[in-house]
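Take a look at the letters that make up each chain.
Number of protein chains: 2
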Amino acid sequence: MNYPFAKKENYNKNVVDYRNRGMDLESLINSANEYYLEMDRAVIYKKPTPIGILHVDYKLNRIKDAYFKDKSTFDYNGIYRGKYIDFEAKESHVKTSFPLGNIHEHQIMHLRRILKHGAVSFLIVSINSEYYLLKGEDLLNFIDNNSRKSIPYSYFKNCCYRIEEKLRPTLDYLSIVDEVYFKGE
Amino acid sequence: MNYPFAKKENYNKNVVDYRNRGMDLESLINSANEYYLEMDRAVIYKKPTPIGILHVDYKLNRIKDAYFKDKSTFDYNGIYRGKYIDFEAKESHVKTSFPLGNIHEHQIMHLRRILKHGAVSFLIVSINSEYYLLKGEDLLNFIDNNSRKSIPYSYFKNCCYRIEEKLRPTLDYLSIVDEVYFKGE
Numbered sequence: 008m009n010y011p012f013a014k015k016e017n018y019n020k021n022v023v024d025y026r027n028r029g030m031d032l033e034s035l036i037n038s039a040n041e042y043y044l045e046m047d048r049a050v051i052y053k054k055p056t057p058i059g060i061l062h063v064d065y066k067l068n069r070i071k072d073a074y075f076k077d078k079s080t081f082d083y084n085g086i087y088r089g090k091y092i093d094f095e096a097k098e099s100h101v102k103t104s105f106p107l108g109n110i111h112e113h114q115i116m117h118l119r120r121i122l123k124h125g126a127v128s129f130l131i132v133s134i135n136s137e138y139y140l141l142k143g144e145d146l147l148n149f150i151d152n153n154s155r156k157s158i159p160y161s162y163f164k165n166c167c168y169r170i171e172e173k174l175r176p177t178l179d180y181l182s183i184v185d186e187v188y189f190k191g192e
Numbered sequence: 008m009n010y011p012f013a014k015k016e017n018y019n020k021n022v023v024d025y026r027n028r029g030m031d032l033e034s035l036i037n038s039a040n041e042y043y044l045e046m047d048r049a050v051i052y053k054k055p056t057p058i059g060i061l062h063v064d065y066k067l068n069r070i071k072d073a074y075f076k077d078k079s080t081f082d083y084n085g086i087y088r089g090k091y092i093d094f095e096a097k098e099s100h101v102k103t104s105f106p107l108g109n110i111h112e113h114q115i116m117h118l119r120r121i122l123k124h125g126a127v128s129f130l131i132v133s134i135n136s137e138y139y140l141l142k143g144e145d146l147l148n149f150i151d152n153n154s155r156k157s158i159p160y161s162y163f164k165n166c167c168y169r170i171e172e173k174l175r176p177t178l179d180y181l182s183i184v185d186e187v188y189f190k191g192e
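These protein sequence lines map, in sequence, to chains F and G. Under the numbering used here, the first residue of the first sequence is numbered 8, with each subsequent residue one higher. Under the numbering used here, the first residue of the second sequence is numbered 8, with each subsequent residue one higher.
Be a bit skeptical, because a hint or two may be false.
Where chains are identical, the list cannot tell them apart; a pair therefore holds if satisfied intra-copy or between any two copies.
[To be verified] Quick list of in silico lysine-lysine cross-link-like pairs, DSSO-like style, CA-CA up to 27 Å:
(1) Lys102 / Lys123
(2) Lys173 / Lys156
(3) Lys66 / Lys97
(4) Lys142 / Lys54
(5) Lys53 / Lys76
(6) Lys97 / Lys156
(7) Lys66 / Lys78
(8) Lys97 / Lys123
(9) Lys76 / Lys97
(10) Lys66 / Lys123
Keep in mind the hints are simulated off the structure, nothing from the lab.
Using the sequences and the hints, build the whole thing.
Below, the structure written as structure tokens:
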């Protein structure tokens, strides 16, 4: 499929397009969440990076030594259409597949738990300059029934849901959530 | 009302009781959440403290300068009985009342938003060595209909739900959530 902007780019490198080039996946999602909050459509936040604080200068109220902790949950959670929503954003730096090593063992355990409790949970994966919603159930299914260490690009094209970039919100992932989880409601 | 442990304590200061003395409210709740997770009863985590990172030593992978950011949401969230749950824990250092200055304006806005979207949301307040669940709706009601800058202790005694300390979980707040939000289910 050819996208008009992609085509235009080939003709004239100086033409400004409205895609959010240069914004990484996290910025795109944060910006979408701000928009959803503003529109009162959902209340979803990125969790702060977990750190272990080793030293605080109490006079300045500044952290002077700390380390990054491993994440045991997903990055984003909140409420949408009355449901608990909990997801992770991942960028694949390989064009042909998404390495499963990107997801910690603890995060897979977390995913199993929250799905059991009724959460809406998924990954948003950026691969090959495209964005896909990968359902948590499908991810577990893939992991449990494959010995592969990565998910091929073709799996995203065939079994996941593509999220288009827009102006506002930059990455309208909730419209895809509507289609996938709330169809017919 | 007299509690057996409190009474015992008066008789013999050396008797070991099973209350979790010395544990602050945050530790009590974290410990309860670990227990709930283990029992597969709920998946609730404390959000990491939000910080702004100013300098990272990439060789050591250590944060060498950072500041504490203001919180715009509540500290704890997750899923319980299929519902989005989101709450804050607060210790009152005054015995006669709970100063409302303890809660940021942004947090009140957050509370209004999530309640509108169908969240189960409340405060757990430690006051006078007792623990109370204060419903989010009641808190907003109090704020919107009072010019008072604090909630008197009597309000907790008369209008909130007392949470007892136990051995495991240390603070069984979900049993109170059951009573308050899921009665008859």
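Quiz item: For this structure, which hints from the list above don't hold up?
Solution: Violated: hints 1, 2, 10.
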